[in-house]
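Undergrad: Assemble the dimeric complex from its two separately framed chains, guided by the hints.
If you read the protein sequences in the order shown, they are chains A and B.
Position 256, counted from 1, in the first sequence is what the numbering used here calls 256; the numbers after and before it change by one each time, with no gaps.
Position 121, counted from 1, in the second sequence is what the numbering used here calls 121; the numbers after and before it change by one each time, with no gaps.
Simulated from the structure, these hints should not be mistaken for laboratory data.
There may be inaccurate statements among the hints.
As the list claims (entries may be wrong) - If you anchor each label on the Cβ, the simulated ranges turn out as follows: (1) B:Asn-60 with A:Lys-28: 46 to 56 Å; (2) A:Cys-35 with B:Pro-144: 29 to 39 Å; (3) B:Asp-88 with A:Ala-255: 26 to 36 Å; (4) A:Arg-272 with B:Arg-251: 30 to 40 Å; (5) A:Lys-4 with B:Ser-100: 38 to 48 Å; (6) B:Asp-88 with A:Ile-133: 35 to 45 Å; (7) A:Leu-213 with B:Ser-100: 43 to 53 Å; (8) A:Lys-4 with B:Val-114: 47 to 57 Å; (9) B:Ser-100 with A:Ser-7: 53 to 63 Å.
As the list claims (entries may be wrong) - Facing chain B, according to a computed beta carbon distance under 10 Å, are these residues of chain A, among others: (10) Asp-64; (11) Leu-145; (12) Val-147; (13) Leu-187.
Glycine included, every Cβ here is placed at the ideal spot set by N, Cα and C.
Here is how the chains run, residue by residue.
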Amino acid sequence: MADKIRSVLRLLRLYARMDLNWVLQDFKAALIVICAEIINNLTAVSGILLLAVRFGGAGGLTADEILLMLGFFELADGLCYMLFGGFNVLHISRRIGRGQLDHMLIQPRPLPVQLLTEGFMPVSGSGGFLIGILLTAAAWIRLQLAVTPLRLFLLLLYILCHILLTLGQSFLFGSAAFRNPAAGEELSTLILDLNGRLGRFPLFGLPRWLLGLLCTVLPVGLLAYLPSLALLGRLSGLVLALPVCVATAFALAAAGCFRAGIRHYLQYSCNRYKGMGHRS
Amino acid sequence: MEAFRAWRATARMCLKEKSYFGLANIIAQYLLRAAGLGALLMIWRSLFLQGADMQGLTLNQVYVYTILSTVLAPMLDVRTPVSGWLHDGSVLKLYLRPRSLFSQLAAHTVGGWVLPLAVLSVPVTVIALLCGVDLRPASPWFFPSLVLTVSLGFAVDYLFACLLIRLHNLEWVVHDMRQSLTALFTGSVIPFAALPWGLGRFLALTPLGSLAGGPLSIYAGLADPMTVLAAQLFWNAVLWPLALRRFASMRERMVSYGG
Numbered sequence: 001m002a003d004k005i006r007s008v009l010r011l012l013r014l015y016a017r018m019d020l021n022w023v024l025q026d027f028k029a030a031l032i033v034i035c036a037e038i039i040n041n042l043t044a045v046s047g048i049l050l051l052a053v054r055f056g057g058a059g060g061l062t063a064d065e066i067l068l069m070l071g072f073f074e075l076a077d078g079l080c081y082m083l084f085g086g087f088n089v090l091h092i093s094r095r096i097g098r099g100q101l102d103h104m105l106i107q108p109r110p111l112p113v114q115l116l117t118e119g120f121m122p123v124s125g126s127g128g129f130l131i132g133i134l135l136t137a138a139a140w141i142r143l144q145l146a147v148t149p150l151r152l153f154l155l156l157l158y159i160l161c162h163i164l165l166t167l168g169q170s171f172l173f174g175s176a177a178f179r180n181p182a183a184g185e186e187l188s189t190l191i192l193d194l195n196g197r198l199g200r201f202p203l204f205g206l207p208r209w210l211l212g213l214l215c216t217v218l219p220v221g222l223l224a225y226l227p228s229l230a231l232l233g234r235l236s237g238l239v240l241a242l243p244v245c246v247a248t249a250f251a252l253a254a255a256g257c258f259r260a261g262i263r264h265y266l267q268y269s270c271n272r273y274k275g276m277g278h279r280s
Numbered sequence: 001m002e003a004f005r006a007w008r009a010t011a012r013m014c015l016k017e018k019s020y021f022g023l024a025n026i027i028a029q030y031l032l033r034a035a036g037l038g039a040l041l042m043i044w045r046s047l048f049l050q051g052a053d054m055q056g057l058t059l060n061q062v063y064v065y066t067i068l069s070t071v072l073a074p075m076l077d078v079r080t081p082v083s084g085w086l087h088d089g090s091v092l093k094l095y096l097r098p099r100s101l102f103s104q105l106a107a108h109t110v111g112g113w114v115l116p117l118a119v120l121s122v123p124v125t126v127i128a129l130l131c132g133v134d135l136r137p138a139s140p141w142f143f144p145s146l147v148l149t150v151s152l153g154f155a156v157d158y159l160f161a162c163l164l165i166r167l168h169n170l171e172w173v174v175h176d177m178r179q180s181l182t183a184l185f186t187g188s189v190i191p192f193a194a195l196p197w198g199l200g201r202f203l204a205l206t207p208l209g210s211l212a213g214g215p216l217s218i219y220a221g222l223a224d225p226m227t228v229l230a231a232q233l234f235w236n237a238v239l240w241p242l243a244l245r246r247f248a249s250m251r252e253r254m255v256s257y258g259g
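Just chain B, with the same shape it has in the complex (with noise of 0.2 Å):
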């Protein structure tokens, strides 16, 4: 209980740190996730109103799966602070607590949720459901589902701290190159399902494909859960010991600037 009341209080605190930017700040930014949003959802529309064969998927499955990838969005791609406090030094300060790394990081990205999903996702699903879309999920699946998302994503972004120190800190390459591939890789823009050439069934067998795009198929009811929640246990098992040992060796290679 004592530990959980720690790991809450840090999430607190990070929560707080979000708003450190000013309300200009996070209005811009939210409005620039709703106009994304609201950009994509009207593609789908031109897409149906020009009557393209839409093989199979309707209006409402692509307006569910594409609202509910901004609703969910800090959940489908987990972006823990290690990144950026790897560049600027401040990991330091997390191995001078009496609190695992893990948990510390764990608890920083679990309060970053709490803005992005008051001010967003819940104004985003309320508009969605006053405009009729039918938001129920296809399948309850998708529960289990988002909870490995998480979990797995928590391995990726590990991976990619590794990756960050390997390169020795060229933090904006590996951000700016992480964000364009979870974008198309992931599944949390475009459908696998929308993809051409059968790219999609091929993607959502990849670690990253199990990402966003598993359990927003499921919840649209685009893929078969079974098969989706199989592809998200085995990268989880097989992910997770490699990035808890990567990051174990890196350690000793870490350089940071600031402090």
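Chain A with its partners taken away, still in its complex shape (with noise of 0.2 Å):
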């Protein structure tokens, strides 16, 4: 277990270093990602916070609590971006559709480890969670929010639970690409699009039967609005582990579904492979 660990943190450290090693040969480019990558961010949370200050407040949420709302959604979905953005990990089914799950399996390391490893992206892909980070500490600031070891806990636990439902969704709906190369190609895009459109809204006022398939089936309610409920000490009692127990489910469904589409994929590969490691 312990040599296990080792040889993922070695990994991390690898792709660390070949992320770091892209930004140095061409400083340009990758100034222009980053750039690119924090207006990208900012713009993504201006449009519900403009509309918090002009209206002071949206969906039963002050703008500082909106504020909160949106840090959160970045530093959450930044960190799980710089984990697990780079080569198409976050977006699974393309590299399922694209038939180019065939380069992993030849390397000489476990698919888990694999996929858990090489899309670390510490120095390119960090904008959104510095960001996310700032943004939190801003609200944090302005609504006075004392810093319990309850709390805390409670924002370390959500942004896991963050992680997990989105690297479940993607897996979840992109092992469809497994049987359906072409069709799934970008469903892991579309269901990341669907959290990243509709995760950043409060979901205050909505029916009860909405609310609820928000937060169970189609988890957008669990990415951000929720947790910042927690944190903000508007919940109590067993609603605070539902993202715990959705995403759990999550995961262990598309653990289970990338199972059985690896079998399939072993079995039957991907028709769209071409040796150039290009989709026809």
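TA: Rendered as structure tokens:
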């Protein structure tokens, strides 16, 4: 076990160095990529934040509470992107649909270890994460929230849930690409786009059935809205455990579907694969 | 007539190409957009329910604005396939055909509008009407404004293609950046009239602000049509020559992957 952990850490270090090398080799391109990512993240939060500022809040939250929600989303999503954004690990349906899984299967490393490490981009992919830290800290100070062990524990727990939910959904829906490579190639992108678009919205005022749907089957409400309510101390009891339960369920379902997909892939491979590693 | 037939055939080809990724992909794409629209409508509703001072905006106006921004999305933010084709090398095939580059790109773009208009726009319009939203335009000046928006959209798209060539095919970077900038600065998501600190008045006069925000504001009765049309005419007159000149000079720098 210790050997495995050491191996994972060594690979993470290796990918971090490769990411840094890319920045150093083509500094101009890297700067453009990093700036673009920062602009993307800032504009993504600006819309709803500007509305909240203009109208003194939105969706049952004040402007500062909205800032906390958006900060949490950027923080958790940025961390997820930084850890798994490289080489389309997060957009796994692209790798599967293009037949590029073959590249991974011939590596002398177990597939889970590769998936766990090769998306790591601590330099070029950290823009969203850093903005998330800044926004969360700013909101935390403006709201004068006390830093208690429980609050910090909830923050870390919900960040982990956000990552599990994002990966779980991407791998769960992306596994369809094992059977329908062309049709399924962009399924992970679609689900991630949906999360990005709806995950930043406060869901107050929705009918109960819709709120239930958005916190379970299509859990965009668990990505930032419900965690930020918990951090603000507006939730108590069993509902606090909802993100953990749903994230675990998605992770387990994704693991099962991905394993079944791999079995199918090992038998039939992908008919879109070309020698050049590109899709047909 | 012959030229128009060829143009229409290209547009039809592009429509068929849109279904290449299969039914699952198409349904998921449009469900995603419908979900985004639903969420935004809910936000507006909750703002009105919580009694926020909407400073003259009515709920029907913001509903109309938001629904129209989804219904007319392909025309309000024109995306020709040139960026993707620059990246994968397909753009070369356009130079081998006996048609001008711009007319081919326009045909492909217009062909690509048919599916979203049929699959998303028509159902959304019908549902909105059934729900009692008054979708009549506040001014007939909306129609010339929409034409100017489409024209300006093509010019802006060619300028983004030039940027892509200049940045040596960082396609996803340019794509993501454009996606974010257009969402906020074109007024396609939030009406300029709803932005704080008078930001909307400034953005409405910019080239990006003359895209979606212009015709939508006229349609919903949120802006003076003459001011919007003047800004659109001005930016068309400025950006078209610029786009054509930049594209001609950037052609020498084109480098593509694939082929």
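Undergrad: Give a verdict on every hint.
TA: How the hints compare with the structure:
Range check, Asn-60 (chain B) to Lys-28 (chain A): Cβ separation about 49 Å, and the 46 to 56 Å hint holds. The supplied range of 29 to 39 Å is met by Cys-35 (chain A) and Pro-144 (chain B), whose beta-carbon atoms lie about 37 Å from each other. At about 33 Å, the CB distance of Asp-88 (chain B) to Ala-255 (chain A) agrees with the hint of 26 to 36 Å. The hinted window of 30 to 40 Å between Arg-272 (chain A) and Arg-251 (chain B) holds, with their beta carbons roughly 32 Å apart.
Checked against the hint of 38 to 48 Å, the pair Lys-4 (chain A) and Ser-100 (chain B) fails, with Cβ atoms roughly 60 Å apart. Our hint of 35 to 45 Å for Asp-88 (chain B) and Ile-133 (chain A) holds, since their Cβ atoms are close to 37 Å apart. For Leu-213 (chain A) and Ser-100 (chain B), the hinted distance range of 43 to 53 Å is satisfied, since their beta carbons lie about 49 Å from each other. The beta-carbon spacing between Lys-4 (chain A) and Val-114 (chain B), approximately 53 Å, falls within the hinted interval of 47 to 57 Å.
For Ser-100 (chain B) and Ser-7 (chain A), the Cβ-Cβ distance of about 57 Å falls inside the hinted range of 53 to 63 Å, so the restraint holds. With 10 Å as the threshold, the beta carbon of Asp-64 (chain A) stays out of range of chain B, its nearest partner Cβ sitting at about 15 Å, so the hint is violated. A least Cβ separation of about 23 Å between Leu-145 (chain A) and chain B goes past the 10 Å threshold, and the interface hint is therefore violated. At a threshold of 10 Å, the smallest CB-CB gap from Val-147 (chain A) to chain B is about 30 Å, leaving the interface hint violated.
A cut of 10 Å between beta carbons decides the hint on Leu-187 (chain A): the least distance to chain B is about 7 Å, and the hint holds.
Checked against the numbered hints listed earlier, the structure breaks hints 5, 10, 11 and 12; every other hint is satisfied.
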